[in-house]
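Enquirer: Sequence:
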Amino acid sequence: MLKDRDLKELLSFRKNFVLILIGLLCLVLIGNLYILQIKHVQKYRLMSDKNRIRVLPMTPKRGRIVSSDGKVLAFCDYKHRIVMDRCSKKVFEENIDILDKYLNFTKEEKENLFNLRKRRLPSIIVKDELSRDEFAKVSMNLFRLKGVHILNTFSRHYSMPLEFSHLIGYTAKNTNEFQVLTGKTGLEFFFDKKLRGNIGNIQKEVNAAGCNIRIIDQENPVNGEDIKLTIDSEIQKFVYDLLSNYKVGACCVLDMKGNIVALVSFPGYDINSMSLGISHTQWNELNINEYKPMLNRFSSSVYPPGSVFKIVTAYAALSEGIVSPKDRISCLGGVKLDGHTFHCWHRGGHGKLNIYEALIYSCDCYFFQVAKKLGIQKLDKYARELGFGQKTGIELPNEKSGLIPNKEWKLIRRKSYWKPYETMIAGIGQGYVLTNLIQIASMMGKIYSNDLNYFPSLLPKDRAESPIPLKKEACDVIKTALHMVCEIGTARKSCRTVYGIAGKTGSSQVRSIKANEVGVNQQLIEWKSRDHALFAGVAPAASPKYIVAVIIEHGGGGGSVAAPIARKIFDKLLEKNAK
Numbered sequence: 001m002l003k004d005r006d007l008k009e010l011l012s013f014r015k016n017f018v019l020i021l022i023g024l025l026c027l028v029l030i031g032n033l034y035i036l037q038i039k040h041v042q043k044y045r046l047m048s049d050k051n052r053i054r055v056l057p058m059t060p061k062r063g064r065i066v067s068s069d070g071k072v073l074a075f076c077d078y079k080h081r082i083v084m085d086r087c088s089k090k091v092f093e094e095n096i097d098i099l100d101k102y103l104n105f106t107k108e109e110k111e112n113l114f115n116l117r118k119r120r121l122p123s124i125i126v127k128d129e130l131s132r133d134e135f136a137k138v139s140m141n142l143f144r145l146k147g148v149h150i151l152n153t154f155s156r157h158y159s160m161p162l163e164f165s166h167l168i169g170y171t172a173k174n175t176n177e178f179q180v181l182t183g184k185t186g187l188e189f190f191f192d193k194k195l196r197g198n199i200g201n202i203q204k205e206v207n208a209a210g211c212n213i214r215i216i217d218q219e220n221p222v223n224g225e226d227i228k229l230t231i232d233s234e235i236q237k238f239v240y241d242l243l244s245n246y247k248v249g250a251c252c253v254l255d256m257k258g259n260i261v262a263l264v265s266f267p268g269y270d271i272n273s274m275s276l277g278i279s280h281t282q283w284n285e286l287n288i289n290e291y292k293p294m295l296n297r298f299s300s301s302v303y304p305p306g307s308v309f310k311i312v313t314a315y316a317a318l319s320e321g322i323v324s325p326k327d328r329i330s331c332l333g334g335v336k337l338d339g340h341t342f343h344c345w346h347r348g349g350h351g352k353l354n355i356y357e358a359l360i361y362s363c364d365c366y367f368f369q370v371a372k373k374l375g376i377q378k379l380d381k382y383a384r385e386l387g388f389g390q391k392t393g394i395e396l397p398n399e400k401s402g403l404i405p406n407k408e409w410k411l412i413r414r415k416s417y418w419k420p421y422e423t424m425i426a427g428i429g430q431g432y433v434l435t436n437l438i439q440i441a442s443m444m445g446k447i448y449s450n451d452l453n454y455f456p457s458l459l460p461k462d463r464a465e466s467p468i469p470l471k472k473e474a475c476d477v478i479k480t481a482l483h484m485v486c487e488i489g490t491a492r493k494s495c496r497t498v499y500g501i502a503g504k505t506g507s508s509q510v511r512s513i514k515a516n517e518v519g520v521n522q523q524l525i526e527w528k529s530r531d532h533a534l535f536a537g538v539a540p541a542a543s544p545k546y547i548v549a550v551i552i553e554h555g556g557g558g559g560s561v562a563a564p565i566a567r568k569i570f571d572k573l574l575e576k577n578a579k
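Per my numbering, the sequence shown starts with residue 1, numbered consecutively.
Heads up, some of the hints might be wrong.
What the hints assert, rightly or not - Simulated restraints, written as ranges between beta carbons of each label pair:
hint, residue 1, residue 2, range
1, D97, L19, 27 to 37 Å
2, D100, K194, 21 to 31 Å
3, T480, G277, 25 to 35 Å
4, L151, L276, 48 to 58 Å
5, I216, G23, 38 to 48 Å
6, I216, D97, 53 to 63 Å
7, E219, D571, 49 to 59 Å
8, D571, N284, 14 to 24 Å
What the hints assert, rightly or not - Mimicking DSSO-like on lysine-lysine, the simulated pairs with C-alpha atoms at most 27 Å apart in a straight line are:
hint, residue 1, residue 2
9, K79, K184
10, K61, K184
11, K184, K493
12, K237, K15
13, K137, K184
14, K407, K71
15, K493, K247
16, K71, K194
17, K89, K71
Honestly, the hints are just simulated from the structure, not real lab data. Where a beta carbon is used, it is the ideal one built from N, C-alpha and C, also for glycine.
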């Protein structure tokens, strides 16, 4: 038997051991409480809030796009969307079964909804747009559904979907859970941030089953801003209808301030369908279409400018004193250089011409010889001065800057030296030279406003920039010659008018041609092998108000195809202006 003293010591030891053990357990508990309640309080509070708080987006109304004559071109309509909060599998299945009675889900739609649930998003869109009948049925039975909401949102619509397809572009829902409309092309893309506005939200407290308890907070959305364009919708439609008589074409109409009155690429495509969503089959059909309806031909396509570029060569030569208005140069139907003959379009030759006559009759041989004297470096300098080889800065995405070649460019890109005959070809807007249609229209604006600071714009503006004048004497010669082009020259058959048009025709070659093909009737050639037809002009010639640049792909002659279109546009513009 233990003595009383030994027994007391044993009991005391056991008591102390238990007390120490309890103390250690208390310390562990206090430590864990410290970690949970103090050190990581924000982490666990956030996790708790995520389980009990649902944030539902409030979609802003996208801004409208309005024409200068007040027509609403792009706008939003209200639509109703069903959204379901994250919830248990049991509640989710019950909700889907109830909704299926009113929405008639397909097997594929059901599978998609169950896959979305697995992603554990805060909420999922059950159906993006409800019909009136569906809205009424679901609204009446909403009390039976847990964590299901009907939200007001918007769909995008366009009043002139073909005429403005390349200019306005289209929207699509972005891929996050909010699925806000986002600009994909055209003005919708360029001004997306301004048009979109800011998303709002509603914060709701829910229980373990995902059912609403109360609204905690609400931040209203900020609607997007409207954009008013310089485009006249009546003129835009008129131009589109004119171009629809041809397979492929584009047109740019400017006023003398640089405001764009019409900007059309044909063929167009239905941006309403694109905004709502099209099938893969429809998308593929658009992309394999021979005429490339989704291609923006006024700023995202580049072409050899052909004889329209002779304006640049003439301005450079006059400015540099290479020729004077009185100097005459012979055209015998061709120019020989390095063992090759470069033919004029007029096989019999034009005889001796001054610079006025060379522009009026679009003599290739005259400009071959002038360009050779000028040299590619000076031609490059003046072309860039007039806006070529660089973007115009128009408020559209994916503008191509085109190409004005020079010695450095060829050495870097082609790994070979520049040759004199290449300068001759560049002088008539062929060879490596590439421009977009807006650049051509802008060049006319610079010359006729006598201001290198002339730039095209889709937004209303006043000419705030200080003007940078061109060489007046050179411009005066060109203006006189371009008026005579339309009176007695290559555009005389279509552009002789009471009010007067001044302009330049052009035929842009798409392939190398042989000597016996020079001057052949373009309508006898396969469509894809025909020249592009160009015309750029102003009216009225004496006091210009408008600039029109037209290109018809594989149209043939600029004087016979593009110039008549420009004439009709000028007629319409001045008729409307007179009212």
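Enquirer: Taking the hints in turn, state whether each one holds.
Expert: We went through each hint and held it up to the structure:
no., hint, result
1, D97 x L19: 27 to 37 Å, "violated (59 Å)"
2, D100 x K194: 21 to 31 Å, "violated (41 Å)"
3, T480 x G277: 25 to 35 Å, "violated (55 Å)"
4, L151 x L276: 48 to 58 Å, "violated (18 Å)"
5, I216 x G23: 38 to 48 Å, "holds (42 Å)"
6, I216 x D97: 53 to 63 Å, "violated (30 Å)"
7, E219 x D571: 49 to 59 Å, "holds (54 Å)"
8, D571 x N284: 14 to 24 Å, "violated (41 Å)"
9, K79 x K184, "holds (21 Å)"
10, K61 x K184, "holds (17 Å)"
11, K184 x K493, "violated (43 Å)"
12, K237 x K15, "violated (99 Å)"
13, K137 x K184, "violated (35 Å)"
14, K407 x K71, "violated (49 Å)"
15, K493 x K247, "holds (23 Å)"
16, K71 x K194, "holds (20 Å)"
17, K89 x K71, "violated (50 Å)"
In this structure, the hints that do not hold are numbers 1, 2, 3, 4, 6, 8, 11, 12, 13, 14, 17, in rising order.
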